[in-house]
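Number of protein chains: 2
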Amino acid sequence: MLDRLYLAVDLGGTRVRAALGNEHGQILRRQEVRTERDYAGAARGHWPEGSEGEHIARQVGDLIEQVAGYRLAEARAIGVAAPGPLDARTGILYHPVNLTKDDLPLKDLLEERFGKPVAVHNDANAAALGEWRYGGHGPTEHLWYLTVSTGVGSGIISHGRLIDGFNTTAGEIGHTVIDLNGPECACGNRGCVEAICSGTAIARAARAALQTGQPSSMLQLAGQVDRVTAETVVQAARQGDELAQSIFFHAADTLGAAVVNAIHMISPEIVVIGGGVTNAGELLYGPVRERVRTKTMALCGQGVRIMAPRLGEDSGLAGAIVLAMRQSEA
Amino acid sequence: MLDRLYLAVDLGGTRVRAALGNEHGQILRRQEVRTERDYAGAARGHWPEGSEGEHIARQVGDLIEQVAGYRLAEARAIGVAAPGPLDARTGILYHPVNLTKDDLPLKDLLEERFGKPVAVHNDANAAALGEWRYGGHGPTEHLWYLTVSTGVGSGIISHGRLIDGFNTTAGEIGHTVIDLNGPECACGNRGCVEAICSGTAIARAARAALQTGQPSSMLQLAGQVDRVTAETVVQAARQGDELAQSIFFHAADTLGAAVVNAIHMISPEIVVIGGGVTNAGELLYGPVRERVRTKTMALCGQGVRIMAPRLGEDSGLAGAIVLAMRQSEA
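So the sequences go chain by chain: A and B. Counting in our numbering, the first sequence runs without a single skipped number right up to 330 at its last residue. Counting in our numbering, the second sequence runs without a single skipped number right up to 330 at its last residue.
FYI, nobody ran anything at the bench for these hints, they're computed from the structure. Hints may contain errors.
[To be verified] Derived list of chain B stretches under chain A, where covered just means 3 residues or more per stretch with a C-beta under 8 Å from a C-beta of chain A:
id, segment
1, 165-172
2, 259-265
3, 302-314
Even glycine gets a Cβ: it sits at the ideal position worked out from N, Cα and C.
Just need the whole structure built from these sequences, with the hints factored in.
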């Protein structure tokens, strides 16, 4: 029997990835480009028209065509993992900070162009679905996927389904307050997890510390203060820089407290922590595991495992295949 | 057609309530006694033997017999709402702080005594089930029940089912950290919601303030510092006492931040806030609503309603009927 084919997109602020996949979550072909907010469409040969959002939608559509090739007609549905805030019911992205200032009706635009069912969900929810279905985690019904990169987000699988809640927005752990008097967050709260633990927050904390004149090798590594990134902090911490170590530890330790919060609140079996900041390896996972080991209430923590994504960077694409499958059955 | 009958128990640290109910969640008979940790059984005429836990189980059993009367044989199953931590799979209570220092295999003890299926779940989860099924909230699939009394707990209904997670412990918002540098909590963390917003925490904060000699009518109302309770704080706040107002506001405002956290994390449609501390009325609901109105991200907060329990004190008993129904069908 022939494979059932699906198209999957992982749309991010810096790149767009697309894949042709089958019902086993296998990726048959893949393609990747840089996200362009003034994309004209290579074949069209004219200057950009339309909004930033429309450009992005056009680029996503062209990439889908490229990766599908002659099998486009065969593909049953399209799934898209996209940055939030977005409404998965309507497939509208509400000016996602790292992508565009426009509201983008991505589901409608892609359905119109391709005449296929399209499902759009936020990237953390998609990654949770992907890891759960195709990550080889066994028959668990309770997997929580936490991603720590530019921002912090999560997706909840509980009792064998994606828990996205009433507004399809569940999992926004990045915008839960963990330090009432902590740093301001873009969402209007203080002390959100994202404002302390994201790559952006780590870089900001390092720059602020350097600006007070504290000695650190981070300055040499980055060249100048405003070029310091989370990677700089990790690199310096690994080389023994005490300021970098203390800044990164605070983020990782606080992330551990957030993981304990989530274990207490939703009781997952498997906690998968992915995203760019996890490139720090044990520098991140170590303090998180220690918090979970020492601060989780006994019964709540029983049998809980913490791990890196088995699908690595492909969790989102795999989840987009799941979204497409669900949509074609709906 | 005759009613299907179920037995329901709401076991608390100060009182035990039992009811005979039907499949519509209607309570046909009810009975209530004070919880006794050295309960001998009125009819037995001997001095207490056995552990504290066994005494409690015996008292629960006797109360079930009393409320069931001649219809005991008819009742299909027993549901119990009990204080956590407990494992709803085994029905074992793990030395719940406000009840007993023993581990109490309540499900096994009651099944042995009555020869009927027994389901035990924690009181906040039971109350969530009760409000959802019988609270007249319409066809919502997403209801979150938060209780604020001696402790703080919650129960999550999402996508039309109780979300208790892998260890049946989900909903423990009382033990999520909201203030990294906040007061110590019995669970071993700092700045848990329960350590700031519970009745116990409010009373503790008031006593601490009075001990520093700050002027307040709370002292007159309570007679002496160690008699100050959360009720004293509420009473004094209503009479215009500024210290009491500021102490209660901090608890209510922080509870509001916890509600925003939960809205971001699980995206409920209906937020029901119950428990003894809600007797404070608008003093509590006001700051919570204000936080939710000003600090919830737009899409996450769309259409969310905050309200008091429609079933009042009976949410737990109604939920215990639901537990019994589920158990008899299992």
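Status of the hints after comparison with the structure:
1. 165-172: The restraint on the segment 165-172 of chain B holds, since 8 of its residues have a Cβ under 8 Å from chain A and three suffice.
2. 259-265: That given contact holds, which follows from 5 residues of the segment 259-265 of chain B lying within Cβ reach (below 8 Å) of chain A.
3. 302-314: Holds: 3 residues of the segment 302-314 of chain B have a Cβ under 8 Å from chain A.
No hint from the list above goes unmet by this structure.
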